[in-house]
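Single-letter residue listing:
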Amino acid sequence: MTFSIIARCPTTRRLGLGIATFSIAAGGRCEGIRHGVGICKTQAYINRGNDLLALQMLEQGLSPAAVMKSLEANDPDHEFRQIAIIDREGNACAHTGSGPRPWAGHHIGDGFVAFGNVLAGPQVIDGIVKGFLAKPDDELEFRLLAALEGGRDAGGQVGGDGHLPERSAAIFVVSEPDHPDIDARVDLHPEAIAELRRVLEEFKIYEVFYRDRGYRPDLAMSQAEFVATLSKRA
Amino acid sequence: MTYTILGRCARTGRLGIGIATFSITVGRYAHSIRSMVGVTVSQANANENNNQIALRLLDQGFGAQAALDHLKSNDAYHSYRQIGVIDRTGAAVGYTGKNVRGWCGEMVGENYVSTGNGLRGQHVVEAIAKAFLAEPDADLEHRLLMGIEAGRDAGGQGNATTHRTERSAALLVYSRDPYPDIDLRVDLHEKAVDELRRVYVEYKQYEDYYRARGEHPRGAPSQEAFMTTLRKAS
Numbered sequence: 480m481t482f483s484i485i486a487r488c489p490t491t492r493r494l495g496l497g498i499a500t501f502s503i504a505a506g507g508r509c510e511g512i513r514h515g516v517g518i519c520k521t522q523a524y525i526n527r528g529n530d531l532l533a534l535q536m537l538e539q540g541l542s543p544a545a546v547m548k549s550l551e552a553n554d555p556d557h558e559f560r561q562i563a564i565i566d567r568e569g570n571a572c573a574h575t576g577s578g579p580r581p582w583a584g585h586h587i588g589d590g591f592v593a594f595g596n597v598l599a600g601p602q603v604i605d606g607i608v609k610g611f612l613a614k615p616d617d618e619l620e621f622r623l624l625a626a627l628e629g630g631r632d633a634g635g636q637v638g639g640d641g642h643l644p645e646r647s648a649a650i651f652v653v654s655e656p657d658h659p660d661i662d663a664r665v666d667l668h669p670e671a672i673a674e675l676r677r678v679l680e681e682f683k684i685y686e687v688f689y690r691d692r693g694y695r696p697d698l699a700m701s702q703a704e705f706v707a708t709l710s711k712r713a
Numbered sequence: 003m004t005y006t007i008l009g010r011c012a013r014t015g016r017l018g019i020g021i022a023t024f025s026i027t028v029g030r031y032a033h034s035i036r037s038m039v040g041v042t043v044s045q046a047n048a049n050e051n052n053n054q055i056a057l058r059l060l061d062q063g064f065g066a067q068a069a070l071d072h073l074k075s076n077d078a079y080h081s082y083r084q085i086g087v088i089d090r091t092g093a094a095v096g097y098t099g100k101n102v103r104g105w106c107g108e109m110v111g112e113n114y115v116s117t118g119n120g121l122r123g124q125h126v127v128e129a130i131a132k133a134f135l136a137e138p139d140a141d142l143e144h145r146l147l148m149g150i151e152a153g154r155d156a157g158g159q160g161n162a163t164t165h166r167t168e169r170s171a172a173l174l175v176y177s178r179d180p181y182p183d184i185d186l187r188v189d190l191h192e193k194a195v196d197e198l199r200r201v202y203v204e205y206k207q208y209e210d211y212y213r214a215r216g217e218h219p220r221g222a223p224s225q226e227a228f229m230t231t232l233r234k235a236s
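Chains as they are written, first to last, in the numbering used here: chain W, 480 to 713; chain D, 3 to 236.
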């Protein structure tokens, strides 16, 4: 029970991942994103080694389709996995095995993959795609967030006992090798996607301040002074 | 303003970090562990590249002190940084540049670094270290969280007349795998350390289930079914 999107921004080449699920702390199981290499995200029944193994193969130059074949050959339970892969050029590949609980499926678009399991139906994937494509000129992190909101608003997750709320959610965007641009998480919340919007919007207010005080600490004001400028503006 | 405990479990070699701060989404700066290699942190006007540089140096075989020396010689603004490093042998070092704001400093011993800036005083890092050392046989994640909570209870961030709350916090532990054992976050909350404890307690109930369903998906119970066993147990 999860719905996710992995994507590459065609103008900036930034790579990003958005995920929302009933499970707790899903953002802590998303190591498979690396600048200049690509993204792999395994979900449903997670083989924890998969995503880092896939990145190693992408780094060696294998295509997403070739990587998927190797993951299959390496995993006797491949049919229980849902996997999406994208390389640094935006080439994409996806696998939804017969094992993940219904409704499960994926959509491969131009430079992105929307995928999920234990969903209300295919309309959830449609909602993710629609949300992602709605504002192509927005920053990737906000396109990913709109995609998650689109999936939620199309019905999200439905298990044996009915609708399941999103209890955790996360967005990652990378454009540097050694640290993420965006790494925003909600690990346990009754409305995790709404809370993720709150976290992301707040972070964007601080983003440049945090970056610049690292670059030129000799010129930086204190955070207390920065917060005071915010309250003046508001 | 931030306080942090870096720790290594002498029994298992597991490595971890607990961190809490007034800044938001601090977990973004805590991708600072490599399994069986080392753990580091760069805070106060953080140089965002430092963590990965330090881990690569440790991976090449440099000890904690040599890695720290390299970071300083590589950074024109190191006097604005606060850095901690533990290597795979448990050797630990801390550094606080002379231009870091507020009360700032560290307590360092074998297998731990308690470090912070913008704190109410020396007693905060002492309380963190004491709590971390109190239960050497307990799981590392428990010891790290106890350390952070002790920092909060000792007054945390601020100065003689003011107090600044923790708005974000994170807890990460790596064992032998290239991905984390524990990776929990609170990115924006008025009492982030309290909230981190809530997330931790909840996550710990699911930890084994999440691992088992990935390793043995055939016949794994659904999460809804698993949760009914939790309700029965409680």
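Just so you know, the hints here were simulated from the structure itself, not pulled from any lab data. It is possible that part of the hints are untrue.
To be verified - Calculated lysine-lysine pairs in the DSS-like style (CA-CA distance at most 27 Å, straight line):
1. D:Lys193 - W:Lys711
2. W:Lys711 - W:Lys683
3. W:Lys683 - W:Lys614
4. W:Lys683 - D:Lys132
Said to hold, decoys possible - Here are a few chain D residues that face chain W, going by a calculated C-beta distance under 7 Å:
5. Asn51
6. Gln62
7. Tyr79
8. Asp155
9. Tyr208
10. Glu209
11. Gly216
12. Thr230
Claimed, not checked - Where chain D lies over chain W, by a calculated footprint (3+ residues, C-beta under 8 Å):
13. 481-492
14. 537-551
15. 637-644
16. 662-674
17. 693-702
In this text, a Cβ means the ideal position worked out from N, Cα and C, and glycines have one as well.
Checked hints:
1. D:Lys193 - W:Lys711: Measuring from Cα to Cα gives roughly 24 Å; hence the hint holds.
2. W:Lys711 - W:Lys683: Holds. Lysine 711 (chain W) to lysine 683 (chain W) sits at ~17 Å (cutoff 27 Å).
3. W:Lys683 - W:Lys614: Roughly 18 Å between the alpha carbons, so the hint for lysine 683 (chain W) and lysine 614 (chain W) holds.
4. W:Lys683 - D:Lys132: Not satisfied, since the Cα-Cα distance of roughly 36 Å exceeds 27 Å.
5. Asn51: Since chain W brings a Cβ to about 5 Å from asparagine 51 (chain D), closer than 7 Å, the hint holds.
6. Gln62: 16 Å, violated
7. Tyr79: 5 Å, holds
8. Asp155: Result: violated, 22 Å to nearest chain W Cβ.
9. Tyr208: 6 Å, holds
10. Glu209: It is violated, given that the least Cβ distance between glutamate 209 (chain D) and chain W is near 9 Å, above 7 Å.
11. Gly216: Constraint on glycine 216 (chain D) satisfied, holds at 4 Å.
12. Thr230: This hint is violated: threonine 230 (chain D) lies away from chain W, its Cβ roughly 10 Å from the closest one there, beyond 7 Å.
13. 481-492: violated (count 0)
14. 537-551: violated (count 0)
15. 637-644: holds (count 4)
16. 662-674: Answer holds; 6 residues pass the 8 Å Cβ test.
17. 693-702: With 7 residues closer than 8 Å to chain D, the segment 693-702 of chain W meets the three-residue bar; holds.
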